[in-house]
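A.B. asks: Using the hints, put the two chains back together into the complex; each one sits in its own frame.
Chains as they are written, first to last, in the working numbering: chain D, 1 to 562; chain B, 1 to 189.
If you are wondering where the hints come from, they were derived from the structure by calculation, not from laboratory data.
A few of these clues could be false.
What the hints assert, rightly or not - Computed footprint of chain B on chain D; a stretch qualifies when at least three of its residues, placed anywhere within it, have a C-beta under 8 Å from a C-beta of chain B:
#1 177 to 190
#2 328 to 338
#3 382 to 391
All figures in this text were calculated on a predicted structure; none of them were measured in a lab.
Even glycine gets a Cβ: it sits at the ideal position worked out from N, Cα and C.
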Amino acid sequence: MTLDAVVVGSGPGGAAAADVLTRAGWSIVVVEKGRNHLLDPEDLSRPATDFSNDEVKFLQRHFLGPDPLLEPRSFRTGVEDGDRLVVGDVNSVPSTVGGGGTHADGKVPRFREEDFRLLSTFGPQAGADVRDWPISYDELEPYYAEAERSIGVAGTAGANPFASWRSGGYPMPPGAPMYLATISAPAAERLGYHPYPAPTAANSVAYDGRPACNNCGFCSFFGCPIHAKGDPVALLTRVMATGRAELWAETFVSRIRWSGRRARGVDVIGPDGVERSVDARHVVVAGGAVETPRLLLLSGLEHDLIGRHLMVHFQTIAAGVLPVRLHGQRGRSVTHVHDDAIVGDQRAAAAAAEAGLPWIRGGMVEHGTPALPIMEAVLYPWGERHRQLMRDSPYRERLAALIMQGEDLAAPTNRVDLDPHVKDVRGFPVARVTYRGGRHELVASDHHGANLGAILGEMGAERISISTSPGVSARGGMSLAPESRHVMGTARMGDDPSTSVVDRWSRVHALDNVVIADSSVFVTSAGYGPTLTLVALAARAAAHLAGTELSPTGPEVSPGPG
Amino acid sequence: MMPVWLTEREHATLVAACTRLIPADEDGPGAGMLGAPEYIDTLLGAFSFDPPRIWAGGPVSGRHGGPPGAFARFHRLNRLDELAWRTRIEGSQGLPERERNGPVVGLQERYRRGIEALGHDFAESPTEVQDDRLRRHQEFTDLLYRHTCEAVYGPPEYGGNLGGAGWRTIGFDGDVQPRGWSDAEVSGP
Ligand SMILES: Cc1cc2nc3c(=O)[nH]c(=O)nc-3n(C[C@H](O)[C@H](O)[C@H](O)COP(=O)(O)OP(=O)(O)OC[C@H]3O[C@@H](n4cnc5c(N)ncnc54)[C@H](O)[C@@H]3O)c2cc1C
Ligand code: SF4
Numbered sequence: 001m002t003l004d005a006v007v008v009g010s011g012p013g014g015a016a017a018a019d020v021l022t023r024a025g026w027s028i029v030v031v032e033k034g035r036n037h038l039l040d041p042e043d044l045s046r047p048a049t050d051f052s053n054d055e056v057k058f059l060q061r062h063f064l065g066p067d068p069l070l071e072p073r074s075f076r077t078g079v080e081d082g083d084r085l086v087v088g089d090v091n092s093v094p095s096t097v098g099g100g101g102t103h104a105d106g107k108v109p110r111f112r113e114e115d116f117r118l119l120s121t122f123g124p125q126a127g128a129d130v131r132d133w134p135i136s137y138d139e140l141e142p143y144y145a146e147a148e149r150s151i152g153v154a155g156t157a158g159a160n161p162f163a164s165w166r167s168g169g170y171p172m173p174p175g176a177p178m179y180l181a182t183i184s185a186p187a188a189e190r191l192g193y194h195p196y197p198a199p200t201a202a203n204s205v206a207y208d209g210r211p212a213c214n215n216c217g218f219c220s221f222f223g224c225p226i227h228a229k230g231d232p233v234a235l236l237t238r239v240m241a242t243g244r245a246e247l248w249a250e251t252f253v254s255r256i257r258w259s260g261r262r263a264r265g266v267d268v269i270g271p272d273g274v275e276r277s278v279d280a281r282h283v284v285v286a287g288g289a290v291e292t293p294r295l296l297l298l299s300g301l302e303h304d305l306i307g308r309h310l311m312v313h314f315q316t317i318a319a320g321v322l323p324v325r326l327h328g329q330r331g332r333s334v335t336h337v338h339d340d341a342i343v344g345d346q347r348a349a350a351a352a353a354e355a356g357l358p359w360i361r362g363g364m365v366e367h368g369t370p371a372l373p374i375m376e377a378v379l380y381p382w383g384e385r386h387r388q389l390m391r392d393s394p395y396r397e398r399l400a401a402l403i404m405q406g407e408d409l410a411a412p413t414n415r416v417d418l419d420p421h422v423k424d425v426r427g428f429p430v431a432r433v434t435y436r437g438g439r440h441e442l443v444a445s446d447h448h449g450a451n452l453g454a455i456l457g458e459m460g461a462e463r464i465s466i467s468t469s470p471g472v473s474a475r476g477g478m479s480l481a482p483e484s485r486h487v488m489g490t491a492r493m494g495d496d497p498s499t500s501v502v503d504r505w506s507r508v509h510a511l512d513n514v515v516i517a518d519s520s521v522f523v524t525s526a527g528y529g530p531t532l533t534l535v536a537l538a539a540r541a542a543a544h545l546a547g548t549e550l551s552p553t554g555p556e557v558s559p560g561p562g
Numbered sequence: 001m002m003p004v005w006l007t008e009r010e011h012a013t014l015v016a017a018c019t020r021l022i023p024a025d026e027d028g029p030g031a032g033m034l035g036a037p038e039y040i041d042t043l044l045g046a047f048s049f050d051p052p053r054i055w056a057g058g059p060v061s062g063r064h065g066g067p068p069g070a071f072a073r074f075h076r077l078n079r080l081d082e083l084a085w086r087t088r089i090e091g092s093q094g095l096p097e098r099e100r101n102g103p104v105v106g107l108q109e110r111y112r113r114g115i116e117a118l119g120h121d122f123a124e125s126p127t128e129v130q131d132d133r134l135r136r137h138q139e140f141t142d143l144l145y146r147h148t149c150e151a152v153y154g155p156p157e158y159g160g161n162l163g164g165a166g167w168r169t170i171g172f173d174g175d176v177q178p179r180g181w182s183d184a185e186v187s188g189p
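With the rest of the complex left out, here is chain B (with noise of 0.2 Å):
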């Protein structure tokens, strides 16, 4: 699938620095793999779909009874939610509505700024010259750490953790409606 967002090498950029986050071993690919760049690319998105992909739906997934489809159904944003989301994803720029309490950096320029500080060939780099550039741009480093977690586990609808695989990796159930767990699975070990 092509980006929404991000360009094809930004995208490249973000797949080989999330595998760094969280590796591949032998329960499962990394967070590369997991749908971790396009959880972030729908974000730096949202606004490209209607209604933007900020909540899903509720109330139940059908991965564990139920109809399926209700996640996939996205929230609507009110006037005040899109200016947020707006600002948040955008950046304030200049305009006076986004700057009332002073200007915000948006998530998308900080996302073009950081890929481009790992460098062009982050992707084709050894795995400890990546490590080292992840380290020496920290603040990038945890905004994109702190994405690739939510990706990985969280609800598939929003991009990432490619059909719940990354909560297999952790022996994780994900959301349970409406099958929920038993007395027994609540209080026995």
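This is chain D alone, in the form it adopts within the complex (with noise of 0.2 Å):
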């Protein structure tokens, strides 16, 4: 039997269009090269067991993998560098069943109508490629509503000014502030700001036959030990459910097979190493957005743009010590977030103009403090005074953070491609980094740098200090490699076949029977998480592919906030 569809990657992405294919009545494989923890081997369609409080496992022993041994990565600046400056981890997110989506702590921001239209709102960058989607805020917003009820998704309607309109409230209220956010909000609310409470894939009450979360505080890289979080284990519990889709663990698509403009399946290898061929009516490609490139290279497709574009949020991270304990082992990692960095005002206009640019945009701001202790100890030195730091806790227990996950500017030499040299376990070329911050990001960057910096002090913060990653030289201190696990673009949409990978459908141009269901093709990557607009695109893809179209809704209230 033919099957109607391969799904490659488990992710958020892959989970979406799974869910949308599944209850179409389509039958599906979802191919993982990862383990699975996430769902019940005795029965697929509940939660497992698997996860914990463990911070040696998550954080120390590549539990949700990928194990740089195994499935390294390479990366360098520039071609300056040579083949490359370093092998290893490198920006991956978790390879397992579930993806990124099982210990990402979930915050799940829309994005705003400006950001698929930045080119004709803002003007092009020299340096950077600034485009326009082919698609509209008020297209995806159907897709998003429903993104927003099927994984459960708690907020508050109107809390953020700036927030793009809605054709509906959220699912779920929101759960309760860390502390800190109640000392970091006030603050920058002092300041001219309007932190909101971040909309948050975790459930603040019980839903969707899942519990609330009980602020084990163990969140941000860990999965969830009662799945309070709903990404993606709520996708993929109900398409197994329908017993229409099967699940292939531990298996590694090596190969889309394709001739002429269509696909024919994808080759793949399994857990005992053997390499075989399925067949299928569809290919839906959701590796993310480093491994989907690589996947369409090794495929032997050739399109100058396949893997160009890559675009990962710049963070800026201001930092500081309070005199007071914030106690951020409980409840989930970020509660508070701001977007005014991403709106803009006259001082960044001057400081844009002072740097020669046309203009500047940041990110949210997430409001957030460390955690946990085995992060904090490696940074004290060993010794005497050990323990007595360990018990102060300026970084675990005082440390206030304000972390910008800035806009980064598509640029053609940015980009993934198969390291000639390095190989996975597998015997298959690795993904190599490309990546360097354009003159946009490190402008953006200085100034909301200060900014960030002034709400610390407002709140009383000591020692502050401004870094960035990708670090910068003069700032020193953090790596080279991009940190922002927020990677896009690298397969953009577009209606041209010349200046795009995939269409406003996000099917591949050279081939009718593939789309790609990950943040690949964004075209721009706004200052919010990806997450939940690749869920909503996926799910819209999905649908076209099926026939299943969900209809646009109108604005239930007027542009503005929502």
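C.D. replies: Structural data, given as structure tokens:
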């Protein structure tokens, strides 16, 4: 029997596509190279019990993969660096059933209207490839609403004065604010900013058969032991319950087989190491924005734009030590954010003008504090002072951090391609990331970094420091490879096949029956985490494929606060 | 308890060395007495257990409610995980499947050499001499310190943090599922 579709990757994107396709009655296989710790092996329509509050397993021992000894990546900042600067863990998101959704702490804001028409709203920037998307926010809105319902998002409509319009409220009210936010949000307000409860894919109340978050505190970087994080366990359990899907874990897709304008199926290597071919009428690729272009290149697809325009949020991190204890180990990792740096103001415009840029945009600012002791301990020196430092705990109990996920403008030189020498454990070339922040990112980071520092000052923080990731040599410290796990843009969407890889329905221009269901298709990176947007786009692409599109709804409230 | 991979002599050196990295004070014993050498020994000898002691189980430990014992049920490794962890621990040893991207020096060898470099008389030496030698072998000391921190502040099921004493020395509660924290405990001071 030929399958209706093979879905490559079981992260939020693949899970969202699989959900739509199985509901449309399609028979599919979801192929995932990582292990399954998300779904109960006895009954895949129920969550598993493998996640735990364990800093060793999740942060020190690659429990969710990828293990850099098996599946490394390489990195360089540009061709001047030669073939590569480093080999190892570069920008990796978990490789496991559920992908990065399993351990993200799930801030899932929507993009704003102008994020889809960056070029027509703001105009071009030298050195960057600024463009409009072929689709608008209005076209995506019903899918945003559906995504919020299906993964379960907690938030307050109207709390963010800069939010895009919404056809309805959030499915759940926001969860408890962390203690830090009761200090940082009022301080930010006093300086004229507009903090609000982060829209979060963690249950604030029991929802969809899963319990409310009980604030265990091992949140960002950890799988949720009680499955209060809905993304993507809600989607995958639903997919498996239809009985129309199989899940092949520990199985790598090594190639999309195609001829002419059609894919015939995929080649896979299962847990036994044996390669075989699977026929399918359609192929949905959702390996994430680094692995997806790698698979297209491994499959012999030739389009110069595959892998180009990699965007990675440029992080600006302001940190300071407060006199009070913040007990960040209780509750979620971030509960409040503000968007003022995205919207910009006179001062941002002046900073841009002074740097000779037409405009700058920052990103969503997360209010957070670290929480866990191994992370902290390794930062202190060993010896007589260690125990006292751990008890005073400037880094774990008292550090306040404001992290801006700055918008990264697309540039053709920032890209993913195949490393010419380094191979993964199965013998395939690994993804090589070539990335360097552009002038826009550096200027925006400098300008907004100072603003973040001022908020910390208003909070009464001391020893305030401002750094970026990727590191910039003058500021030192951090690694040259970007730490942000928000990766986008390596198979860009557009109407013109010469300037884009997929069409407005996320279908590969060159192959009629292949769609991409992850953030590879993004045209701009916005200053927001990509996950809700990629889930909405994946569902939209799958619905188009299966002929079950949602009809667009109009704004219930007029554009503006929502 | 007998070490599973270290010799008794090596174990004694680690007890002394870990105690210099996180020394005892009025709040509790040093890392050497908090299980750090046992954590390291369990990692180096992980494959003498079945399943290997790499990833502890879930979802709850029993320390804050729920049935005890789940953390102690370690996960099985698949073929590739075993390859990765054997390479990391035992080194690549010239085996082609472990040297795809070049040779890997294993943790066992790094520990054997590092401990030897600290000197056979390390455990009996005065603390200033111990500190001086640790400083002179910085690369090994960095490795040892990272593992010592993991040992003292990670779940006791990995062999360190004896009875949660490492967490108690810093007033940390450790894993808290299924109890969690109330909204008031999250939002209040
Ligand atoms: C600590 C952390 C916190 C985060 N917080 C947020 C946040 O707050 N908000 C937000 O929006 N985003 C956040 N992210 C990012 C988020 O995890 C990603 O945006 C999201 O997971 C991307 O979903 P995806 O389905 O596109 O890809 P992924 O989640 O990367 O899933 C892709 C899956 O495909 C599999 N795969 C890839 N190639 C193949 C192949 N050839 N064969 C078989 N399987 C394959 C991979 O193993 C993987 O499991 C966070 C990430 C991390 C690491
Ligand atoms: S803080 Fe809440 S959502 Fe996060 S892991 Fe714990 S219970 Fe799950």
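A.B. asks: All hints are to be evaluated individually against the structure, with a verdict given for each.
C.D. replies: Comparing the hints with the structure gives:
no.	hint	verdict
1	177 to 190	holds (count 4)
2	328 to 338	holds (count 3)
3	382 to 391	holds (count 8)
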